[in-house]
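**Student:** Dock chain G against the given chain C, drawing on the hints supplied.
Number of protein chains: 2
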Amino acid sequence: MNYDARSIADMEPRKRARFINSLSGFKSANLIGTCDKNDNTNLSIVSSVFHLGAEPPLMGFIIRPNRVERHTLENILATECYTINAVALEFLTSAHQTSARYDRSESEFDKAHLSPYYVDGFTAPFVLESPLKLAMKLVEHQTLAVNQTELIIGEIHNVIVPERAVMPDGYIDIETLDIVSVSGLDSYHVTQRVGRLSYAKPDKKIHPLTKEGDATSWSAFE
Amino acid sequence: MNYDARSIADMEPRKRARFINSLSGFKSANLIGTCDKNDNTNLSIVSSVFHLGAEPPLMGFIIRPNRVERHTLENILATECYTINAVALEFLTSAHQTSARYDRSESEFDKAHLSPYYVDGFTAPFVLESPLKLAMKLVEHQTLAVNQTELIIGEIHNVIVPERAVMPDGYIDIETLDIVSVSGLDSYHVTQRVGRLSYAKPDKKIHPLTKEGDATSWSAFE
Numbered sequence: 507m508n509y510d511a512r513s514i515a516d517m518e519p520r521k522r523a524r525f526i527n528s529l530s531g532f533k534s535a536n537l538i539g540t541c542d543k544n545d546n547t548n549l550s551i552v553s554s555v556f557h558l559g560a561e562p563p564l565m566g567f568i569i570r571p572n573r574v575e576r577h578t579l580e581n582i583l584a585t586e587c588y589t590i591n592a593v594a595l596e597f598l599t600s601a602h603q604t605s606a607r608y609d610r611s612e613s614e615f616d617k618a619h620l621s622p623y624y625v626d627g628f629t630a631p632f633v634l635e636s637p638l639k640l641a642m643k644l645v646e647h648q649t650l651a652v653n654q655t656e657l658i659i660g661e662i663h664n665v666i667v668p669e670r671a672v673m674p675d676g677y678i679d680i681e682t683l684d685i686v687s688v689s690g691l692d693s694y695h696v697t698q699r700v701g702r703l704s705y706a707k708p709d710k711k712i713h714p715l716t717k718e719g720d721a722t723s724w725s726a727f728e
Numbered sequence: 507m508n509y510d511a512r513s514i515a516d517m518e519p520r521k522r523a524r525f526i527n528s529l530s531g532f533k534s535a536n537l538i539g540t541c542d543k544n545d546n547t548n549l550s551i552v553s554s555v556f557h558l559g560a561e562p563p564l565m566g567f568i569i570r571p572n573r574v575e576r577h578t579l580e581n582i583l584a585t586e587c588y589t590i591n592a593v594a595l596e597f598l599t600s601a602h603q604t605s606a607r608y609d610r611s612e613s614e615f616d617k618a619h620l621s622p623y624y625v626d627g628f629t630a631p632f633v634l635e636s637p638l639k640l641a642m643k644l645v646e647h648q649t650l651a652v653n654q655t656e657l658i659i660g661e662i663h664n665v666i667v668p669e670r671a672v673m674p675d676g677y678i679d680i681e682t683l684d685i686v687s688v689s690g691l692d693s694y695h696v697t698q699r700v701g702r703l704s705y706a707k708p709d710k711k712i713h714p715l716t717k718e719g720d721a722t723s724w725s726a727f728e
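Sequence order for the protein chains is C and G. So for the first sequence, our numbering puts the first residue at 507; every next one is plus one. So for the second sequence, our numbering puts the first residue at 507; every next one is plus one.
Keep in mind that a hint or two might mislead.
Computed beta-carbon distance windows for the label pairs [as the list claims (entries may be wrong)]:
id : chain 1 : residue 1 : chain 2 : residue 2 : range
1  : G       : R607      : C       : N546      : 47 to 53 angstroms
2  : G       : E580      : C       : K543      : 43 to 49 angstroms
3  : C       : V652      : G       : F628      : 19 to 25 angstroms
4  : G       : D545      : C       : E596      : 49 to 55 angstroms
5  : C       : R699      : G       : R607      : 53 to 59 angstroms
6  : G       : R699      : C       : M507      : 19 to 25 angstroms
7  : C       : D609      : G       : S513      : 36 to 42 angstroms
8  : C       : D545      : G       : R520      : 37 to 43 angstroms
9  : C       : N546      : G       : L583      : 44 to 50 angstroms
10 : C       : N544      : G       : F628      : 49 to 55 angstroms
11 : G       : D675      : C       : A651      : 27 to 33 angstroms
12 : C       : D675      : G       : R607      : 41 to 47 angstroms
13 : C       : E596      : G       : T649      : 48 to 54 angstroms
Straight-line alpha carbon distances no greater than 27 angstroms define the calculated DSSO-like cross-link-like pairs of lysine-lysine that follow [what the hints assert, rightly or not]:
id : chain 1 : residue 1 : chain 2 : residue 2
14 : G       : K617      : G       : K543
15 : G       : K710      : C       : K710
16 : C       : K643      : G       : K521
17 : C       : K521      : G       : K617
Think of the hints as simulated: they come from the structure by calculation, not from any bench. Glycine residues also receive a C-beta, built at the ideal position from the N, C-alpha and C atoms.
With the rest of the complex left out, here is chain C (with noise of 0.2 angstroms):
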């Protein structure tokens, strides 16, 4: 089936936003903590952030317009720090709630039984529920021309995570931390690893590596 602009167009609203928001594959559940100048809590989940650079370490994610993410918006503009907290399936109906329009002087963590988790330094609280939790400081924002949504660029200054997901190459296998990927608006995954592939180079054969980095043969990718 292919389907043109006029008929994606023509599609009822609620539909094509369905649609629309399938069409760029699994994405990461996250949920962003934040509070405002008097450490009212906030927590929001979005589907958008995405790695941006190791050197320095960056992340970028996307806060749509009139969205119950502006709590979210205000809250980083502020205190210019916020917290990226994966969400694994042991909360994962928790997380979703926090997608609810709360009143601004209703915590998301109280509504959603979820646990604020504060360290030493930092203002902003983390999900104590969460096995992969980000310390983020504020570098650049601005409001994208081309549909008015926000671009958040923050940068990455505490990582929190079991030291036993973390490979001796310091890959981490978010996989066995049972974090979910999410596709569309509302459909949530669990994954299997197929396998790690090796650096890619030309006229030479791509090989498996195991978990933890180290080449092998693997009979799925002979």
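**Tutor:** Positioned in the frame of chain C, the structure of chain G alone reads:
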């Protein structure tokens, strides 16, 4: 384990790259198809495609500086069009092979044994093997000041997808198309749906949806 900014900065560079690239969670794996003014084709795997909006339908992705994707950037700027092709399990190793550093005169289609596919009136090549193909027109390009990465924003003009994967409510069941997810630099994963969750509202319990989008009871979420 709490890795602070200093311990991250002190990591061996390749280890740090693997570590930081793991922090953005499960990512989409997509092949960007382009051609130059002389119809020489190019193909490059990226893991940074993200949703920007449904009306108009927009997507962004990141090109790293001085990387093999440089040919991709030059072609997009020259022709103002490109394709996004979701990577499926069946041609995963070929897709990974496109990350090798080929000369400009070499096409990754040939080198990775993937088939270019054309649609009348659109110059950029699709990947025939991909079950989810998008025709994109360049809308905005900017070099991010923070680390000289390139942000490419495009509008979705065509969506080529098997009709059986499009649910009545617009959601596309990308899992049924065997589309893979990537974590870190080199780990590929297949998925298993936990469930679709209802639109979250304050003071209303979330309930599961069927894959088709209808409400139902499902014990995993009771």
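**Student:** Next, verify each hint and record whether it holds.
**Tutor:** A quick look at each hint next to the structure:
1. G:R607 / C:N546: 47 to 53 angstroms: holds (50 angstroms)
2. G:E580 / C:K543: 43 to 49 angstroms: holds (46 angstroms)
3. C:V652 / G:F628: 19 to 25 angstroms: holds (21 angstroms)
4. G:D545 / C:E596: 49 to 55 angstroms: holds (51 angstroms)
5. C:R699 / G:R607: 53 to 59 angstroms: At 26 angstroms between Cβs, range violated.
6. G:R699 / C:M507: 19 to 25 angstroms: Cβ of G:R699 to Cβ of C:M507: about 22 angstroms, so the range 19 to 25 angstroms holds.
7. C:D609 / G:S513: 36 to 42 angstroms: holds (40 angstroms)
8. C:D545 / G:R520: 37 to 43 angstroms: 40 angstroms Cβ-Cβ, so the 37 to 43 angstroms window holds.
9. C:N546 / G:L583: 44 to 50 angstroms: Distance hint for C:N546, G:L583 holds at roughly 45 angstroms.
10. C:N544 / G:F628: 49 to 55 angstroms: Cβ of C:N544 to Cβ of G:F628: about 53 angstroms, so the range 49 to 55 angstroms holds.
11. G:D675 / C:A651: 27 to 33 angstroms: Check passed, 31 angstroms falls within 27 to 33 angstroms.
12. C:D675 / G:R607: 41 to 47 angstroms: Because 21 angstroms falls outside the window, the suggested range is violated.
13. C:E596 / G:T649: 48 to 54 angstroms: violated (40 angstroms)
14. G:K617 / G:K543: holds (21 angstroms)
15. G:K710 / C:K710: violated (56 angstroms)
16. C:K643 / G:K521: Holds - the C-alpha atoms of G:K521 and C:K643 are around 22 angstroms apart, at most 27 angstroms.
17. C:K521 / G:K617: violated (39 angstroms)
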